[in-house]
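Colleague: Spelled out, the chains give:
6 protein chains.
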Amino acid sequence: MSHPPILPLVSDEDASPDVKAVFDDIRATRRSDFVNNFWRALAHDPAQLRRTWESVKAVMAPGALDPLTKELIYIAVSATNNCEYCTYSHTAGARAKGMTDAMLMEVLAVAAKANETNRLANGLRVPVDEAFLPPRA
Amino acid sequence: MSHPPILPLVSDEDASPDVKAVFDDIRATRRSDFVNNFWRALAHDPAQLRRTWESVKAVMAPGALDPLTKELIYIAVSATNNCEYCTYSHTAGARAKGMTDAMLMEVLAVAAKANETNRLANGLRVPVDEAFLPPRA
Amino acid sequence: MSHPPILPLVSDEDASPDVKAVFDDIRATRRSDFVNNFWRALAHDPAQLRRTWESVKAVMAPGALDPLTKELIYIAVSATNNCEYCTYSHTAGARAKGMTDAMLMEVLAVAAKANETNRLANGLRVPVDEAFLPPRA
Amino acid sequence: MSHPPILPLVSDEDASPDVKAVFDDIRATRRSDFVNNFWRALAHDPAQLRRTWESVKAVMAPGALDPLTKELIYIAVSATNNCEYCTYSHTAGARAKGMTDAMLMEVLAVAAKANETNRLANGLRVPVDEAFLPPRA
Amino acid sequence: MSHPPILPLVSDEDASPDVKAVFDDIRATRRSDFVNNFWRALAHDPAQLRRTWESVKAVMAPGALDPLTKELIYIAVSATNNCEYCTYSHTAGARAKGMTDAMLMEVLAVAAKANETNRLANGLRVPVDEAFLPPRA
Amino acid sequence: MSHPPILPLVSDEDASPDVKAVFDDIRATRRSDFVNNFWRALAHDPAQLRRTWESVKAVMAPGALDPLTKELIYIAVSATNNCEYCTYSHTAGARAKGMTDAMLMEVLAVAAKANETNRLANGLRVPVDEAFLPPRA
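Residue numbers (the working numbering), protein chains in the order written: chain A, 606 to 742; chain B, 606 to 742; chain C, 606 to 742; chain D, 606 to 742; chain E, 606 to 742; chain F, 606 to 742.
Simulated from the structure, these hints should not be mistaken for lab results. Since no wrong hints were added, every one of them can be taken at face value.
Which copy is meant is left open, because identical chains are indistinguishable; a pair holds if it fits in one copy or across any two.
Computed cross-link-like contacts, DMTMM-like style, restricted to lysine to aspartate or glutamate with a CA-CA straight-line distance of at most 25 angstroms:
id	residue 1	residue 2
1	Lys702	Asp671
2	Lys702	Asp638
3	Lys662	Asp623
4	Lys662	Asp734
5	Lys625	Asp638
This is chain A alone, in the form it adopts within the complex (with noise of 0.2 angstroms):
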């Protein structure tokens, strides 16, 4: 059993009306009645969930790139950085949006090599090449 968050989690029951303002956002947004941990753990701050959440939903929002090709950055991130909770939810996220495991395993396997090949080029301090740089304005 893994151990309890730092501040409890928000209930639907507990929620204050800015709180459950943002909860029903979310699950209009999303079209389910599920709110995830995430959100309930912020709660403790309104103002804080409120400015969270809507800058996520933008982000993450349909625009140059599709949510799919989003929430694979995401799992990227989230496995670079060894983020347990964000591994999970943006793994199911993204199998919802289609992901398949073949999918997940080359997100891995890129996100892998690049945090291998960052170390080599930070270890030699290769110069960056002329050929790469922008113009400069």
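Following the hints, put chains B, C, D, E and F in place on chain A, whose structure we already have.
Modeller: Below, chains B, C, D, E and F without anything else, positioned relative to chain A:
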């Protein structure tokens, strides 16, 4: 002017036959005469050069994910780890595969947002929702 | 001379009305004509610029913690992540809010010590003491 | 049930005189009989135990910054590095020094925001503004 | 009880011929019938399993550094990144190659000290001494 | 030309007696007149300078591990964290203790490989094998 690399870059003239063979494969694979500095630094250990190149080539090849998506993931991880060389080189690589400015801004927005929420989840020790857990085998 | 940014900085002349509105709010909030490079780089995505600025403004405003304490935390995290830009910019920001050299040296001493003991705890997999666990809900 | 530590925790009964002397100083300094697991794990190397305890005691003592501010910085770094032990122990330590729930939520908001903007600055390779640079000696 | 893995572990019975061949090489190389969970998780992508195993085998083989020293470096990096699995598995691997408790405590002391001084150098932006720079090619 | 340090480096002329005493011990310990920039930056807080120097001296001294092995670990961690100063200074330090180019290439290969497999283990949430767990006390 930035600092010199830890080990000098290996030029075509100084390349041993083993190194030259890898450089040739880089050129053939990319259909370009250009061999960038990362490989010229790794060339001090020809076996490591070959191993790293072969694995990067395999990981970045088209598969369940297309090469552009893989470059975007590389950028996200490199920004997370703050690898200057990798940020410049993979941004250039992604552009060559079709990445627009708008796509780059979204990759970084997602990567940065993941870095933010990873720390909120970790700092509050949010328990993983049962709904996100894979079935036990 | 350092490398050019990945995307050119957006000058006042090149700013779209949406970008200009954010720049104006930065100036009004800080009571200064100066808009630093971070915002000029983000301006390539006006929605992201606004979102990031609004959230930074809210997070760094006086609340349960005063603005100077918040700048000190920003410095500690930026040193941990090795963000050169953020180290210079938030050190300057903290000084403007009253940070002395002695305070800076202590911020870095604490941040560095946390980075040290974090790895001792992780490397030895020290179990969390019952006395430190929050009560279960 | 979590995994056992890499090395067993050293109990009072098993403590060598050198270890016992450090445990006694921990108790005297904190005016509490409690010696937490971190020190009991480090006790496998008595010289390292003493060195680490002496430096933590010195770094966390009142100085240009007060002890509560130092605990807040410790929390921010520990959340950034994802050290479970340190997150629980320093959250408890900060509470004992007066940290409220509202303060904790703000510490994490600032730490998380720094983690976000660090990656935007790194990913875009934003050049440091001249205005932020210290004068050259 | 810890959470289930993201993808189920591949048992000997479920292993495809490609996977079985890698498992057999792991057993032959280590002269042991034991195939640990890391490889059973990677087995969902047989090409990635083979590539990762072949490169780990090559990197960890005796060379300019002996295998025990390589395991110590693995422990230091895994503690730095806070990889629970890798901390336990490489500590066990190092012990099998002769690591004593005293050696483990010193590895972690050095790794932790590097994590500390890395942040002091970064936070103060200490310029690299000319004496430390390699000669320019 | 790189940016100036956050605080000016303390020259021998400007060193207080407390700082001078540490500089003298650095010189005596290393049998060299050279005091590198790291210590000159830390000298703004003489107590922190002494504490950091004393602990680095103790941690890096011969013990269960020899000084060269310790330098290799320092390089591996510094490459992982991307500390430019530490990469250059500890590479120079390791060379002075006998590190060859071949050894350096292997240190970085192991460190990079650990960075890669750490993320595969984290991203797949691989459960720790019972065989790797230490006995419960």
